[in-house]
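Using the sequences and the hints given, assemble the complete structure.
Letter by letter, the sequence shown follows residues 49 to 346 in our numbering.
Note that these hints are calculated values from the structure, not bench results.
Since the model is a prediction, treat every value here as computed from it, not as a measurement.
Among the clues, some could well be false.
Claimed, not checked - Only pairs whose alpha carbons sit at most 25 angstroms apart, straight line, appear in this in silico SDA-like list of lysine to any residue: (1) K110 / E130; (2) K345 / E299; (3) K345 / D258; (4) K345 / E254; (5) K110 / P127; (6) K110 / H154; (7) K110 / L89; (8) K345 / A306; (9) K345 / E177; (10) K110 / T125; (11) K345 / L296.
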Amino acid sequence: MFDRWLGSMRSKGATAGAARGNALAGLEVPRTAGVLSCRVLDPVNEIVPQAEFVVTDSVGRKVVGGETDPYGSVLATVPAGEYRLAVTAEGFTPFHGAATVVEGGHASLGDVALQLSALPQLPDPGEWEVEPMHSQIGFTARHIGMARIHGRFNTFAGAVRIADRMENSAMHVIIDASSIDTNVQMRDDHLRSSDFLDVGRYPTLEFYSDRFVHRGGTRWGVTGALTLHGVSRTVTLDTQYLGLGNGLEGETRAACRATTELHREDFTLTWQTMLARGIAAVGSSISIDMDIQIVPKG
49 MFDRWLGSMR
59 SKGATAGAAR
69 GNALAGLEVP
79 RTAGVLSCRV
89 LDPVNEIVPQ
99 AEFVVTDSVG
109 RKVVGGETDP
119 YGSVLATVPA
129 GEYRLAVTAE
139 GFTPFHGAAT
149 VVEGGHASLG
159 DVALQLSALP
169 QLPDPGEWEV
179 EPMHSQIGFT
189 ARHIGMARIH
199 GRFNTFAGAV
209 RIADRMENSA
219 MHVIIDASSI
229 DTNVQMRDDH
239 LRSSDFLDVG
249 RYPTLEFYSD
259 RFVHRGGTRW
269 GVTGALTLHG
279 VSRTVTLDTQ
289 YLGLGNGLEG
299 ETRAACRATT
309 ELHREDFTLT
319 WQTMLARGIA
329 AVGSSISIDM
339 DIQIVPKG
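Here is the structure:
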């Protein structure tokens, strides 16, 4: 009896081991579909989590997309057919591959090795300034618990000192608070009033950077002090450097995108009114979105 029990346990263990060896063993796939998969690696065979992927059909329509899992894997159930897989990740050149998926089958592209992309050239050391005609400082706020209100500041200026080491660079941006613009005059007047920005007492918003931190690839974190409504708080701008280019007159330009999120209460912007069912008229967080171009000063 004991021998029979041991034999049964060995059989169960072998079955479990086989199931572990086949990751798709328990996956239910519709009759007319199959599975497309791959694993995304970097040039030294390390996995690349959160790489973005898109699967398109034979006529270029998107079928499925998303991010690789913590193990760098892509796994998608799709109807049988011909597909192209595109994989992109910060700091790497894009990958494009093709696969044929058959009914009940598993089309694996195996290990996809991404190659490092060349980083864009950084601006030369020296004094630069924000070029307002081709820059924008915008924001988005939640309204009545569901809609979003978009706005911008129309008047601002900024200076950037690029150091020999980019990490030692500095910037200063000043914004005219009264230039707030949401395309609704009544709302803009309210935002300028003492309920919100109180532009009579606090005519400007200012940002002084403390440090530039390279986060890999073209990503940087620019941390500094933002003064708003008479209150200063430390904020970090999540920044993507877009590289150098030339304007219509041949002038050198550098560009970046930056985002951050502010909480109104941190800057004593506490005005609020409640609607039916306890819904706040204005959300507590404000998303900031900037597109900035700088040119050599003078």
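Satisfaction of hint between H154 and K110, Cα-Cα up to 25 angstroms | holds, 20 angstroms
Pair hint K345 and E177, alpha-carbon separation not exceeding 25 angstroms | Distance ~5 angstroms between K345 and E177 Cα, so the pair holds.
CA of K345 to CA of D258, is that 25 angstroms or under?
-> holds, 21 angstroms
Are the Cα positions of K110 and T125 separated by 25 angstroms at most?
-> Within the cut-off at roughly 14 angstroms; holds.
Holds or violated: K110 to E130, with C-alpha atoms at most 25 angstroms apart | holds, 12 angstroms
Given hint E254 paired with K345 - CA-CA distance at most 25 angstroms | holds, 20 angstroms
Straight-line Cα separation of K345 and L296 no greater than 25 angstroms?
-> holds, 17 angstroms
Starting from K345, check that the Cα of A306 is at most 25 angstroms away, please.
-> Distance ~21 angstroms between K345 and A306 Cα, so the pair holds.
Is it true that the CA of K345 sits at most 25 angstroms from the CA of E299?
-> holds, 11 angstroms
Does P127 lie within 25 angstroms of K110 when you go C-alpha to C-alpha?
-> With Cα atoms ~13 angstroms apart, K110 and P127 stay inside 25 angstroms; holds.
Has the given pair, K110 with L89, been kept, meaning a C-alpha gap of at most 25 angstroms?
-> This hinted pair holds, its Cα atoms lying about 23 angstroms apart.
Against the hints set out earlier in the document, no violation occurs for any number.
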